[in-house]
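A.B. asks: Sequence:
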Amino acid sequence: MTTHQHHRHGHGHAHGTDDVDWQDMGDMLERGGDLTAPSVEQTAAWLRGLLPAGPAPTRILDIGSGPGVAACLLAHAFPDAEVVAVDGAEPLLERARARAAAQGLGDRFRTLHAELPDGLDAVGTADLIYSSRAIHHVGDQQLVLNRLASALRPGGLLAVAEGGLPARFLPRDDAGAGRPGFQARLDVAAEEWFAAMRASLPGSVRTAEHWPALLTGAGLTPAGSRTFLTDLPAPLNPAARSYLHDRLALTRDQFAPSLAPDDRQTLDDLIDGDAATAILTRPDAFYLDAITVHTGRR
181 MTTHQHHRHG HGHAHGTDDV DWQDMGDMLE RGGDLTAPSV EQTAAWLRGL LPAGPAPTRI
241 LDIGSGPGVA ACLLAHAFPD AEVVAVDGAE PLLERARARA AAQGLGDRFR TLHAELPDGL
301 DAVGTADLIY SSRAIHHVGD QQLVLNRLAS ALRPGGLLAV AEGGLPARFL PRDDAGAGRP
361 GFQARLDVAA EEWFAAMRAS LPGSVRTAEH WPALLTGAGL TPAGSRTFLT DLPAPLNPAA
421 RSYLHDRLAL TRDQFAPSLA PDDRQTLDDL IDGDAATAIL TRPDAFYLDA ITVHTGRR
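For what it's worth, the numbering used here labels the leading residue of the sequence shown as 181, then goes sequentially.
Check before you lean on any hint, since a few could be wrong.
What the hints assert, rightly or not - What follows is a list of derived Cβ distance ranges for each label pair:
id: 1; residue 1: G304; residue 2: T472; range: 26 to 34 Å
id: 2; residue 1: A456; residue 2: Q203; range: 24 to 32 Å
id: 3; residue 1: T457; residue 2: G304; range: 45 to 53 Å
id: 4; residue 1: D204; residue 2: D454; range: 15 to 23 Å
id: 5; residue 1: G383; residue 2: T407; range: 27 to 35 Å
id: 6; residue 1: D207; residue 2: D320; range: 28 to 36 Å
id: 7; residue 1: T457; residue 2: P271; range: 31 to 39 Å
id: 8; residue 1: G453; residue 2: L230; range: 43 to 51 Å
id: 9; residue 1: L230; residue 2: L409; range: 17 to 25 Å
id: 10; residue 1: S405; residue 2: D201; range: 16 to 24 Å
id: 11; residue 1: P334; residue 2: D454; range: 51 to 59 Å
id: 12; residue 1: H293; residue 2: P463; range: 30 to 38 Å
id: 13; residue 1: G361; residue 2: G453; range: 19 to 27 Å
id: 14; residue 1: R444; residue 2: L345; range: 22 to 30 Å
What the hints contain is simulated information worked out from the structure, not anything from laboratory work.
Where a beta carbon is used, it is the ideal one built from N, C-alpha and C, also for glycine.
All chains, please: the whole structure from these sequences, using the hints.
C.D. replies: Printed below as a string of structure tokens:
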């Protein structure tokens, strides 16, 4: 249950999404977005300080917005700006519109159905472009950054939330989580899957994900990188437990063939309803995640 696992399914612009159950996926993504909302609010405050002095931003793009949780938070953080949620999955954009309407964002919030990278021709220009764990689903990441950089207005900022650390949710080497190193082995499975996913993308270019260098390659001046935490100590509340359960179930479906039998059994135990070993009932379950945001200025 790592960063890659969650956000591979997080936006709807990635390849191979025809068989996605958007109702279940959308529910999980919205719960996850609500869970990590404080870190996005901190990100927005940091970005506000990086923008040039003078008039406030008037147009913001969220590229790979999913159900619009971050886009709505950006709209609240920048009350003078129009915010456009851009995604390749129309069912998620429907959720984004409903969320924005419920929060009273009115005509300051728009959606745009667009696939990466070709759909970027239709996004127009913006003072701030934000993208969280979306660009790595495109074969040529530098190409996407180049196009996003060209959409920035003078002085504008591109913020890319990529990388960080894999999530953790159980005490280390816990006796109730199989052999020691269970979560580390999930990390290995995720990295192997991620490499295979990247290699299978159309026009895939193998690139070291050194984001400041990639932003420089797009003609931008790096403006800093910062890591934001989601730190939910034990005992977790029911909403966090439910989200974590769904992520672990997705992990079980995605990585079962590459895991040892005992690790598959551990995952089965963790998602086994209200059993004593289940994540829904364990008193020691927590949630700790880190995402790094890299910025470049035009």
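A.B. asks: Go through the numbered hints given earlier and state which of them the structure violates, listing their numbers in rising order.
C.D. replies: 10 and 12
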